[in-house]
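Given these sequences and hints, build the entire structure.
Protein chains in written order, with our numbering: chain A, 1 to 280; chain B, 1 to 263; chain C, 1 to 351.
These aren't lab readings, by the way, just hints derived from the structure by calculation. Note that the Cβ used here is the ideal one computed from N, Cα and C, for glycine as well. Some clues are possibly wrong.
[What the hints assert, rightly or not] A few chain A residues that don't get close to chain C, going by computed Cβ distances all over 12 Å:
#, residue
1, ALA15
2, ARG90
3, LEU122
4, LEU126
5, GLY130
6, PRO171
7, THR179
8, ARG189
9, LEU190
10, VAL191
11, VAL195
12, LEU196
13, LEU263
[As the list claims (entries may be wrong)] Rough simulated footprint, nothing fancy, chain A against chain B, three-plus residues with beta-carbon under 8 Å:
#, segment
14, 9-23
15, 26-36
16, 53-64
17, 91-105
18, 128-134
19, 183-190
[As the list claims (entries may be wrong)] The following label-pair restraints were derived from C-beta to C-beta distances:
#, chain 1, residue 1, chain 2, residue 2, range
20, A, TRP188, B, ALA156, 23 to 33 Å
21, C, GLU182, B, ALA156, 43 to 53 Å
22, B, ILE153, C, ALA14, 23 to 33 Å
23, B, ALA237, A, SER223, 20 to 30 Å
24, B, LEU241, A, GLY168, 30 to 40 Å
25, C, THR301, B, GLY248, 54 to 64 Å
26, A, GLY11, B, VAL191, 27 to 37 Å
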Amino acid sequence: MKAPIAWLWIGAFLAFSAAFMVAPAAMLAVQAFSDDDGFTLQYFAELGQYRYTTAFQHSLILSVASATVGVVAGGLLAYVLQKPAAGRFRALVTSFSAVAANFGGVPLAFSFIATLGTLGLLTTLLKSIGVDLYGLGFSLFSITGLTLVYAYFQIPLMVIVFTPAIEGMRPAWREAAATMGASNWQYWRLVGLPVLAPSLLASWILLFGNAFSAYATAYALTSGNIMLVTTEISAVLSGNVTSEPQVGAALSLGMIVVMVLVLIASQMIGRRAARWTVKS
Amino acid sequence: MDRQIVNNDRLGIGGVAVLGLAGMFFAVPMLMTAAFSLWEGGTHYGFAAFRILLQSPQLLEAMALSIELSLATVAALVLLLVPAMIFMHLYAPKLKPAFDFIASLPFVVPAIALVAGLSNLVTGPEWLIGTPFYLVIPYFFLALPFVYRSLDIGIAAIDLPVLTEAGQSLGAGMGQIIVMVVLPSLRASLVGSALLTLAVVFGEFTFANVLLFHTYAVFLNQIGQHEANAAAALSVASFLLTWGAMLGVLLLGRAKAAKTEGR
Amino acid sequence: MAAIDIAGVSKSFAGRQVLAELDLAIANGELICLLGPSGCGKTTLLRILAGFIAADAGSIRVAGQDVTKMAASARRMGMVFQSYSLFPNMTVLDNVRFGPRVAGRPKAEQLARAGELLELVGLSSHAGKYPHQLSGGQQQRVALARALAMQPQVLLLDEPLSALDAKVRLQLREEIRRIQRETGVTTVLVTHDQEEALSIADRVAVMHDGRLLQIARPATIYRQPADGFVARFIGAGAVLDGITEPGGVRVGEVLFPTDAVTTVNAGSRVELFLRPEHVRVAADAGDGMKPTVAAEVREVTFLGAQTRLRMAVAGDNALWADMASEQAEAFKPGDAVYASWELGAPRLMPV
Numbered sequence: 001m002k003a004p005i006a007w008l009w010i011g012a013f014l015a016f017s018a019a020f021m022v023a024p025a026a027m028l029a030v031q032a033f034s035d036d037d038g039f040t041l042q043y044f045a046e047l048g049q050y051r052y053t054t055a056f057q058h059s060l061i062l063s064v065a066s067a068t069v070g071v072v073a074g075g076l077l078a079y080v081l082q083k084p085a086a087g088r089f090r091a092l093v094t095s096f097s098a099v100a101a102n103f104g105g106v107p108l109a110f111s112f113i114a115t116l117g118t119l120g121l122l123t124t125l126l127k128s129i130g131v132d133l134y135g136l137g138f139s140l141f142s143i144t145g146l147t148l149v150y151a152y153f154q155i156p157l158m159v160i161v162f163t164p165a166i167e168g169m170r171p172a173w174r175e176a177a178a179t180m181g182a183s184n185w186q187y188w189r190l191v192g193l194p195v196l197a198p199s200l201l202a203s204w205i206l207l208f209g210n211a212f213s214a215y216a217t218a219y220a221l222t223s224g225n226i227m228l229v230t231t232e233i234s235a236v237l238s239g240n241v242t243s244e245p246q247v248g249a250a251l252s253l254g255m256i257v258v259m260v261l262v263l264i265a266s267q268m269i270g271r272r273a274a275r276w277t278v279k280s
Numbered sequence: 001m002d003r004q005i006v007n008n009d010r011l012g013i014g015g016v017a018v019l020g021l022a023g024m025f026f027a028v029p030m031l032m033t034a035a036f037s038l039w040e041g042g043t044h045y046g047f048a049a050f051r052i053l054l055q056s057p058q059l060l061e062a063m064a065l066s067i068e069l070s071l072a073t074v075a076a077l078v079l080l081l082v083p084a085m086i087f088m089h090l091y092a093p094k095l096k097p098a099f100d101f102i103a104s105l106p107f108v109v110p111a112i113a114l115v116a117g118l119s120n121l122v123t124g125p126e127w128l129i130g131t132p133f134y135l136v137i138p139y140f141f142l143a144l145p146f147v148y149r150s151l152d153i154g155i156a157a158i159d160l161p162v163l164t165e166a167g168q169s170l171g172a173g174m175g176q177i178i179v180m181v182v183l184p185s186l187r188a189s190l191v192g193s194a195l196l197t198l199a200v201v202f203g204e205f206t207f208a209n210v211l212l213f214h215t216y217a218v219f220l221n222q223i224g225q226h227e228a229n230a231a232a233a234l235s236v237a238s239f240l241l242t243w244g245a246m247l248g249v250l251l252l253g254r255a256k257a258a259k260t261e262g263r
Numbered sequence: 001m002a003a004i005d006i007a008g009v010s011k012s013f014a015g016r017q018v019l020a021e022l023d024l025a026i027a028n029g030e031l032i033c034l035l036g037p038s039g040c041g042k043t044t045l046l047r048i049l050a051g052f053i054a055a056d057a058g059s060i061r062v063a064g065q066d067v068t069k070m071a072a073s074a075r076r077m078g079m080v081f082q083s084y085s086l087f088p089n090m091t092v093l094d095n096v097r098f099g100p101r102v103a104g105r106p107k108a109e110q111l112a113r114a115g116e117l118l119e120l121v122g123l124s125s126h127a128g129k130y131p132h133q134l135s136g137g138q139q140q141r142v143a144l145a146r147a148l149a150m151q152p153q154v155l156l157l158d159e160p161l162s163a164l165d166a167k168v169r170l171q172l173r174e175e176i177r178r179i180q181r182e183t184g185v186t187t188v189l190v191t192h193d194q195e196e197a198l199s200i201a202d203r204v205a206v207m208h209d210g211r212l213l214q215i216a217r218p219a220t221i222y223r224q225p226a227d228g229f230v231a232r233f234i235g236a237g238a239v240l241d242g243i244t245e246p247g248g249v250r251v252g253e254v255l256f257p258t259d260a261v262t263t264v265n266a267g268s269r270v271e272l273f274l275r276p277e278h279v280r281v282a283a284d285a286g287d288g289m290k291p292t293v294a295a296e297v298r299e300v301t302f303l304g305a306q307t308r309l310r311m312a313v314a315g316d317n318a319l320w321a322d323m324a325s326e327q328a329e330a331f332k333p334g335d336a337v338y339a340s341w342e343l344g345a346p347r348l349m350p351v
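As structure tokens, then:
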């Protein structure tokens with residue numbers, strides 16, 4: 001039954017993936033670890049500079065905040081959308097989420113600048129009724145602002161990724177708990193949330209990765225004024241900084257390692273969740 | 001202690017609040033951008049920005065390029081990924097974790113890092129890196145996570161081994177089975193994947209910009225630096241168009257499904 | 001333990017009436033089965049009883065208390081679902097002690113009670129396992145133990161055996177009956193399997209299109225079905241349309257003898273109902289048998305100890321007869337035979 005042509009195709013796909021995904025990463029590794037004389041760790045040492053450690057800090061804070069906002073808001077939204085009463089919205093929201101999850105970069109940054117920038121329409125509107133956003137300390141061009149903007153694609157992503165987990169929750173659990181006298185809160189605390197926990201965690205990790213590796217939106221919004229790992233890499237690439245290109249490679253490699261670890265963790269946890277909702 | 005019967009299927013106040021807040025959060029920036037696109041300076045409002053856009057030849061060129069890239073990427077996905085997935089499910093299900101991993105990788109490996117590595121790795125041949133269709137390679141991987149997930153769900157919903165065996169027992173070869181039986185059963189996933197790829201390709205900026213190809217996103221960025229209103233108009237228009245297309249396909253798919261199930 | 005009084009309950013979904021002014025009184029400690037085909041409303045009634053859905057009209061009283069508007073969590077009714085109702089993140093023991101736990105009982109009491117019930121269903125050695133490690137039958141037994149752990153006043157079962165293998169189904173059926181007798185809890189069981197209902201219920205309530213057609217003890221339902229639908233639904237049997245005459249029912253051109261005609265006006269249309277175990281078949285009409293009817297054998301089905309014959313009578317009407325398989329060897333499709341029965345065997349139902 002094992003058709004050789006099947007293996008040809010599978011092999012082709014795997015080879016293609018290896019060549020264009022794994023190989024560049026390997027290339028970066030080589031570049032990061034070598035200079036004209038051979039193997040060296042000097043470029044990694046440069047990562048200890050203030051600008052890079054700060055960039056990592058900023059990226060981490062932004063990613064944690066953005067992932068948390070996405071999981072909570074997206075999770076709630078996914079839950080509400082699962083109710084039969086929300087049925088007529090479902091097609092609307094599914095299609096919207098698919099587009100919004102990919103909406104980023106310049107158009108997104110632009111939309112938010114037009115809305116909440118210093119001269120944005122919403123800012124002006126609020127000022128006219130006495131609420132001075134920027135006077136109160138808010139700025140779109142800060143980590144907080146970025147978190148808000150990122151939410152525009154993080155929340156839809158959460159809805160897409162988390163909905164199957166919600167759909168896997170059996171109504172019989174909730175009903176059984178009710179017949180035994182459990183209140184809503186007791187059900188969620190003892191059954192609902194524990195069952196969803198692995199999926200929530202896996203989704204959080206995915207959203208974290210998505211925020212950590214985002215570039216276009218951050219750049220379009222802040223033009224590199226806020227130090228993030230992604231913008232630092234592009235700065236090195238475009239020669240705007242005095243660092244060697246190998247430092248860019250080192251940064252990139254660092255990012256890739258973090259991301260791959262994030263991914264593995266997410267998949268391991270996600271698989272455990274699937275066991276519960278599919279089998280029993 | 002006597003609680004009243006509660007219908008959990010209803011939205012309730014909390015549900016309405018959540019939907020309302022979400023709706024506002026997602027609609028407001030769009031609306032503001034749309035309003036901005038109609039601004040002509042001072043207190044004038046009109047469609048000047050849109051007129052400028054429609055008269056720009058670069059827009060059409062950029063759109064054409066992006067559409068071509070989308071189609072090429074979809075073709076690459078259908079030719080390489082779909083059969084590979086089908087064969088994996090039939091003959092090598094143990095490879096699924098490897099496929100899952102590869103499919104999630106583009107999601108989290110930063111594009112900016114990848115473009116750096118790719119530029120270093122692939123320095124030729126000239127015919128490959130000179131043509132914009134070189135972008136199909138990274139785009140294949142950018143669309144992969146979404147397309148893979150969509151196809152995975154589609155394949156899980158049909159009983160692939162049974163369908164294949166039924167086809168074989170009736171005398172069909174593997175190629176015929178894929179084209180005549182499996183692909184039609186996956187129609188919803190395939191269409192969804194095509195649309196997702198379209199969304200990804202049109203939204204992709206990093207690779208195109210660094211590699212200096214004039215795709216839609218690059219054009220949008222350039223315009224945004226001179227004609228802000230036009231950029232605003234374009235942002236809104238493209239979002240709405242893509243959304244409308246997806247919604248249309250979703251609803252059409254549902255109507256077809258209802259018909260085939262004889263409702 | 002309580003008596004349940006369901007009065008005038010109606011329910012519609014999206015314009016379709018699913019339950020029509022249903023009245024049902026359930027006695028303390030009895031096991032009653034709601035039996036009927038898909039869509040008859042039996043599950044809806046059960047869910048209204050449980051408190052998941054509100055009825056459009058009518059009332060429900062349990063032990064004299066009006067629970068019509070009460071939430072499910074306040075009703076103290078244990079429920080066993082068709083499948084997949086055990087909490088996957090908890091062990092068997094934790095599942096079973098869930099009821100006492102949310103009621104705030106002390107932990108020692110929770111564990112003791114859970115232990116008791118696991119003993120009752122015979123799964124004490126599985127206390128530390130997770131639901132996905134159990135078979136379907138074991139899961140349902142745990143579900144039963146869990147429902148009983150909080151000492152409910154009523155036990156509700158929604159097609160608890162439908163998802164199980166045939167053999168497991170039979171075993172579990174007996175278990176349910178045994179446990180119900182031991183605990184004495186008032187039980188309502190919904191099923192579409194008439195054999196299941198007849199074998200374990202104290203009373204069976206046959207439902208169709210949102211109405212109760214008949215409530216009676218299993219033997220009564222079987223021997224004296226109230227109408228054509230119940231007759232067809234319960235057990236096997238032939239239903240023939242005819243007109244009553246003195247001495248019998250005329251089906252087509254043939255007279256079917258029965259002594260039941262005196263209770264119905266002669267000359268009226270009836271449905272004649274005859275179960276296969278009451279029909280005897282012989283190769284010829286003679287040798288002093290009771291009045292007989294000519295028939296042609298159409299099919300012979302071997303069922304093990306018994307064999308069932310399908311015959312054509314009075315034209316193309318079907319009539320079945322059961323006999324010991326050794327006897328059945330004498331017959332084959334196409335044979336011309338004679339069918340007979342005791343005069344009191346057929347049941348007449350007005351059309």
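Structure-based check of each hint:
Listed as outside the interface, A/ALA15 is consistent with that label: its C-beta sits roughly 38 Å from the nearest C-beta of chain C, beyond the 12 Å cut-off. Look at A/ARG90: its CB is around 18 Å from the nearest CB on chain C, clear of 12 Å, so calling it non-interface holds up. Every CB of chain C is more than 12 Å from the CB of A/LEU122 (nearest about 42 Å), matching its label as outside the interface. Taking the minimum C-beta to C-beta distance to chain C, about 43 Å, the non-interface status of A/LEU126 holds against the 12 Å cut.
For A/GLY130, the non-interface assignment is confirmed: its Cβ lies about 45 Å from the closest Cβ of chain C, beyond the 12 Å cut-off. Once the 12 Å rule is applied to beta carbons, A/PRO171 is inconsistent with being away from chain C; the minimum gap is 9 Å. For A/THR179, the condition that its CB be more than 12 Å from all CB atoms of chain C is violated, with the nearest at approximately 4 Å. The Cβ of A/ARG189 does not lie farther than 12 Å from every Cβ of chain C; its closest approach is about 10 Å, which violates its non-interface assignment.
A cut-off of 12 Å between C-beta atoms contradicts the statement that A/LEU190 is not in contact with chain C; the least separation is 7 Å. The non-interface label for A/VAL191 is inconsistent with chain C: the shortest C-beta to C-beta separation is roughly 5 Å, within 12 Å. In this structure A/VAL195 is not separated from chain C by more than 12 Å, as the shortest Cβ-Cβ distance comes to only about 5 Å. Distance check on A/LEU196: its Cβ comes as close as 10 Å (rounded) to a Cβ of chain C, failing to clear the 12 Å threshold; non-interface status is violated.
Listed as a non-interface residue, A/LEU263 keeps its Cβ farther than 12 Å from every Cβ of chain C; the least gap is roughly 25 Å. Closer than 8 Å: that is the beta-carbon criterion, and the segment 9-23 of chain B has 8 residues meeting it against chain A, so the requirement of 3 holds. Figure legend: the segment 26-36 of chain B, annotated as covered by chain A; annotation consistent (8 residues with Cβ-Cβ distances under 8 Å, at least 3 required). Counting residues of the segment 53-64 of chain B whose C-beta sits closer than 8 Å to any C-beta of chain A gives 0, which falls short of three, so the coverage hint is violated.
For the segment 91-105 of chain B, the stated coverage by chain A is satisfied: 10 residues place a CB nearer than 8 Å to a CB of that chain, which reaches the threshold of 3. Counting residues of the segment 128-134 of chain B whose beta carbon lies closer than 8 Å to any beta carbon of chain A gives 0, which falls short of the minimum of three for the stated coverage. Figure legend: the segment 183-190 of chain B, annotated as covered by chain A; annotation inconsistent (0 residues with Cβ-Cβ distances under 8 Å, at least 3 required). Between A/TRP188 and B/ALA156 the C-beta distance comes to about 28 Å, which sits within the given range of 23 to 33 Å.
Here the CB-CB span from C/GLU182 to B/ALA156 is close to 44 Å, well matched to the stated 43 to 53 Å. A hinted range of 23 to 33 Å holds for the C-beta pair B/ILE153 and C/ALA14, which are about 29 Å apart. Checked against the hint of 20 to 30 Å, the pair B/ALA237 and A/SER223 passes, with Cβ atoms roughly 25 Å apart. Between B/LEU241 and A/GLY168 the beta carbon distance is about 34 Å. The supplied range of 30 to 40 Å therefore holds.
Hint check: C/THR301 to B/GLY248, Cβ distance near 55 Å, so the stated range 54 to 64 Å holds. A hinted range of 27 to 37 Å for the beta carbons of A/GLY11 and B/VAL191 is consistent with their spacing of about 28 Å.
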